[in-house]
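A.B. asks: Residues per chain are reported as follows:
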Amino acid sequence: MTPNLVYVVVIGVLFAAGVSMVLERSLTRVLMGMILLGNGVNLLILLGGEAGTPPIVGLGPGEQMADPLPQIMILTAIVITLGMTAFLLALAYRSWAMSGHDEVQDDVEDQRIMRLAERDQGSGTDDTDHEATP
Amino acid sequence: MTFLVPLPVVMPLLGAALTLMMARRPRAQRTVSLTVLTATLLVSCALLYFSTTDGSLVVAVGGWEAPLGIVLIADQLAALMLVVSSAVTLCVLVYSIGQGMADGHEETPLSVYHPTYLVLTAGVTNAFLAGDLFNLYVGFEILLVASYVLLTIGGTENRIRAGSTYVVVSLLSSVIFLTAIGLIYAATGTLNLAQLVERLDELPDGLRLILQGMLLLAFGIKAAVFPLSSWLPDSYPTAPAPVTAVFAGLLTKVGVYAIIRTETLLFPGGRAAVVLLVTGLLTMVIGILGAVAQSDIKRLLSFTLISHIGYLLFGVGLTTQLGLSSAIFYVVHHITIQTTLFLAAGLIEQRGGSTALDRLGGLAKLSPVLAVLFLVPALNLAGIPPFSGFIGKLGLVQAGVADGGVLAWMLVGGGILTSLLTLYAVARVWNLAFWRTPPKSMPSVRLPALMVAPTLALVTLGVGLTFAAGPLFDVGDQAASTLMQRSGYVEAVYGEGGAP
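Here the protein sequences come in this chain order: A and B. Quick note: to get our numbering, add 30 to the position in the first sequence (first position is 1). Quick note: to get our numbering, add 567 to the position in the second sequence (first position is 1).
Isolated chain B (complex conformation) (with noise of 0.2 Å):
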């Protein structure tokens, strides 16, 4: 079943080179999107099944064997990724379309959103995954080129501020991130993460740390960790909403899901620990402070972004196996919810013309079906039980309290208080923008289907993910306990023998 491991990378690329020929055909260029980020789901969907019952997946690109050749490894984190992904960008992308035929395509320019868009789904699925250093540095660089186009798309003089910033910053991540890799090779002369596995553990412990210090400080902007986190909410809300989404809920965690691979396979023995923890608890809880102070909508969820990444440098940075499955599970409910809330919120700027709160009320008399949209979720992100977010955040918890150490404490207090106040911080849009009479008279838009179906869908998902949390959690372990003991991986490239 290997030869289905490059697809989720190669069918996104072709469909962007086809769309792009078909730029004056709007109606072929959503066929062929539509069906290439279906077939898509349905791969990802296929690996992660055949890397749960036969183990993971291994194709040597081009026919040269590793670690001559460059591989692409389909274990069960990464299949698990790609399967989330895949299905926010399908639903994110079904929203778009709804969105374009709603405004008249004025916000976006269909025939450059299509390639755009394909582009940076392919980027994300080649950064899950890369077995090789330089191809996860491809995978970023495929994915933030596209990034920069989205986020700028129309050109308007907004965009263009928030741009800038973004890309700048972004830019120098990848300086950062391709010194390391510059770095790296020359103390080991290899870039395959199976081959680095060996090669690392032989240097020494100071060079070590100067290599995985600036790894993680490259994945840290990337993935918006606190001291490096200040371009997100300055950025994403000026995006069309369905970019902000797609952004909100893949982008950062393109950061986290390298950060958790080269800290379980190259870094192992947590000697970053006690940086991943404290910055942890500093992102919940500075990040959470921040978007209770803010006035609009997308950046109040902007900085709630930030802040759950936190949890997710909580669960890695306790370097146990409840701790690393209890951050896989939070992954993937936190990529669901995020999105979903994003998109709830362009449905929120649909109804009630702006998504600043002093301008919003009513809007659960207004639309009931928008209430209920933005409510589940919400109370989701805040860990309210049954959800997944309570799941999640409860596994976490346990990891700290099975740790026991002061600093473990402290983020599980943390932990606690930044839910709380996540609560708080989603119960105010909710008391100003559904509840309280409306400043002034709404206009009566009536919202899309095509925009309500998927936000829907991604809501059905997030509930759904409650339902699933016993076999999706089982499937978390499976992945940490694979990630734990490296030998699996190094096996998987090389075969049975081992490396040569």
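So that you can see chain A by itself, here it is in the shape it has in the complex (with noise of 0.2 Å):
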């Protein structure tokens, strides 16, 4: 299919829009982003391709034929696609049903070493003296 402007647009704010969804910290969001990029990135498979007649034969001449391939590829995707977002809703509910929210958290050890930087301290794991580590 010759790229023209609208898709080239619709491809671009679904892009734009993903990412920033996706930069979020709460994993519904998130999961917005990604079938936002998805749907995006289906578009830019589908203008790859080139349009025509539906690609069955018998039911037109061959070289108006539209390329079967993008497509297929996106039938795949979407399926792919349908199984994360199935994944990440339950993912999503799982950490909300555990810890009543369902932000994205740091990593425990990142927020130790963080903690343990700001009083500048070691972490105490290499004293041989163990009356003195907590």
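Misleading hints may appear alongside valid ones.
[To be verified] Reference excerpt, derived from the structure (chain B facing chain A, CB under 7 Å, subset only):
#  : residue
1  : Phe701
2  : Gly722
3  : Glu724
4  : Ile727
5  : Arg728
6  : Leu738
7  : Val742
8  : Ile743
9  : Thr746
10 : Trp798
11 : Asp970
In short, the hints are calculated from the structure, not lab data. From the three backbone atoms N, C-alpha and C, an ideal C-beta is built for every residue, glycine too.
Build the complex: two chains, separate frames, hints provided.
C.D. replies: Here it is, written out as structure tokens:
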């Protein structure tokens, strides 16, 4: 398909909105971002093939047939996105059930190291004297 | 012998379906999984033998010839990776069965574990055998989806937290990969790797560079190359020990394999060589500095995993045959050793009740077997002669010196520094967990034989790599020379006449 402005702008907007949603902390918003990104990519793939009549032998002259390969790839990509959406939803729900929110938390170990760095302390792991370590 | 080629993908998938149907019969599940993975290992060995004697084996799936149909291709590199990966997955499966018995099925709900594990194996083998970019993407998705389930298995709060990061980052890398595939198809009208070899050469330079950059970005996230690596140490350590072990051994290496495949086959001539070398250097040094600072064995090992990916990039980035063959040898070594170390960390957790270094001590006296199982692969990782880590690093250093450029010398220096710091990091674990007097009395737990035996088998395999280093380097060298002359790959796919 020859790229026209409408398609290009729509893909651009889907990507931009998707990226900004993925940068959020809440898993539900990340999920929305992933769906937008996935749709953007699918449209992009569609632009890669020739447009034309339905790609079924006998329905028309072969020269005018649409390229079926991008459509097949999009179909596969949609199925994968659907599965991932279900999994991310389950993950967000589980996170909400366990901790009351669905926000992606900082790593526990990273938080610990940051706290130690603020107080300018060592981790105490290498001390041979065990009474000193809490 | 081409009927063997699809088997490493088909058998685990069938096994997954069977084990899913046997959800209530754990004993039958175990039998099926073990049989399937043993058969996969045997088939992979046969593939390696035939691809060495008769050249690459190619199957057009569904009977449609290339470039219309999808091809699976088992050349030496793919076959070698298949052998190592199936050996590792088999050992880890036995280990996880041992751990399941010891933990009383609490940590790993067996009904989901076996099917998911087999699906993961199928994804890995599919990615290795793929002769088509979209099939490579599907292989990646299969293994990633299985890995999401394995990483969050049990659904505890920690695993959900670590899993969220992992899932989101992996999804993003998949989106980038898929975008790259869409652009490549739009530019060339094909995704068959053999056909891309010619069609990509006809594209303008700037466009090729963009496509190459996008693929490198996508694979770089999966392979945990430095600026894209911070998801790995946050997510891997929370999973059960066997899961972490198989992830550490295989998943990042599939990314590295994809980098090797695309850089040599699709984008030869080393235009991204500088990028690979610089990121390789940063990955090595910054990764290992992270490892030195850790106070938990599993996190420390995750950082050494990132760090040693740098060595592989070093070998690929040199774009010489010696560099590439050393990188292939190093991949084989690193898959085995890193998995073994994570299994040993699992044993330490079993014996000492924790992997936090400030809670461990005196394990050398309490469990001499465990001490040997940890020390041998640890020294191997650090590259102490005569272990295979030393041989691999020596090959890379030789390749770097032969290259002679400023950047190559910096990488040689960085590689040696990383090796020394790795030794420091593992020696620190050894001193704290094995030698000092224990901070509190250790519980007296007997290590289950089914956990010790596979770890021992992998330790033996790691040591065996030293004795097999000569033949293995020869195979790596042949694989590298086939990769360097791309015509071999194209002829294998299209037959003698070359492309139509």
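A.B. asks: Do the numbers back the hint for threonine 746/B, that is, is its least Cβ distance to chain A under 7 Å?
C.D. replies: Because about 5 Å separates threonine 746/B from the closest Cβ in chain A, which is inside the 7 Å limit, the hint holds.
A.B. asks: Restraint: phenylalanine 701/B near chain A, CB-CB cut 7 Å. Satisfied or not?
C.D. replies: holds, 6 Å
A.B. asks: How about valine 742/B: closest beta carbon in chain A under 7 Å, or not?
C.D. replies: Since the shortest Cβ distance to chain A is 5 Å, the answer is holds.
A.B. asks: Are aspartate 970/B and chain A close enough, Cβ to Cβ, to be under 7 Å, as the hint says?
C.D. replies: violated, 37 Å
A.B. asks: Given a cut of 7 Å on the nearest C-beta pair, is the interface hint for glutamate 724/B held or broken against chain A?
C.D. replies: Nearest chain A Cβ about 5 Å off; hint holds.
A.B. asks: So, as I understand it, the hint says arginine 728/B touches chain A; can you test that by seeing if any CB pair is closer than 7 Å?
C.D. replies: With Cβ-Cβ at 5 Å, under 7 Å, it holds.
A.B. asks: Quick one, is the leucine 738/B hint okay against chain A at 7 Å, beta carbons?
C.D. replies: holds, 6 Å
A.B. asks: Quick one, is the glycine 722/B hint okay against chain A at 7 Å, beta carbons?
C.D. replies: holds, 5 Å
A.B. asks: Verify the interface restraint on tryptophan 798/B: the C-beta must sit less than 7 Å from at least one C-beta of chain A.
C.D. replies: It is violated, given that the least Cβ distance between tryptophan 798/B and chain A is near 10 Å, above 7 Å.
A.B. asks: For the hint on isoleucine 743/B, just tell me whether its beta-carbon gets within less than 7 Å of chain A.
C.D. replies: violated, 9 Å
A.B. asks: Let me know if the C-beta of isoleucine 727/B comes in closer than 7 Å to any C-beta of chain A, holds or violated.
C.D. replies: Cβ of isoleucine 727/B sits 5 Å from chain A, so the hint holds.
Of the hints listed earlier, those the structure fails to meet are numbers 8, 10 and 11, in rising order.
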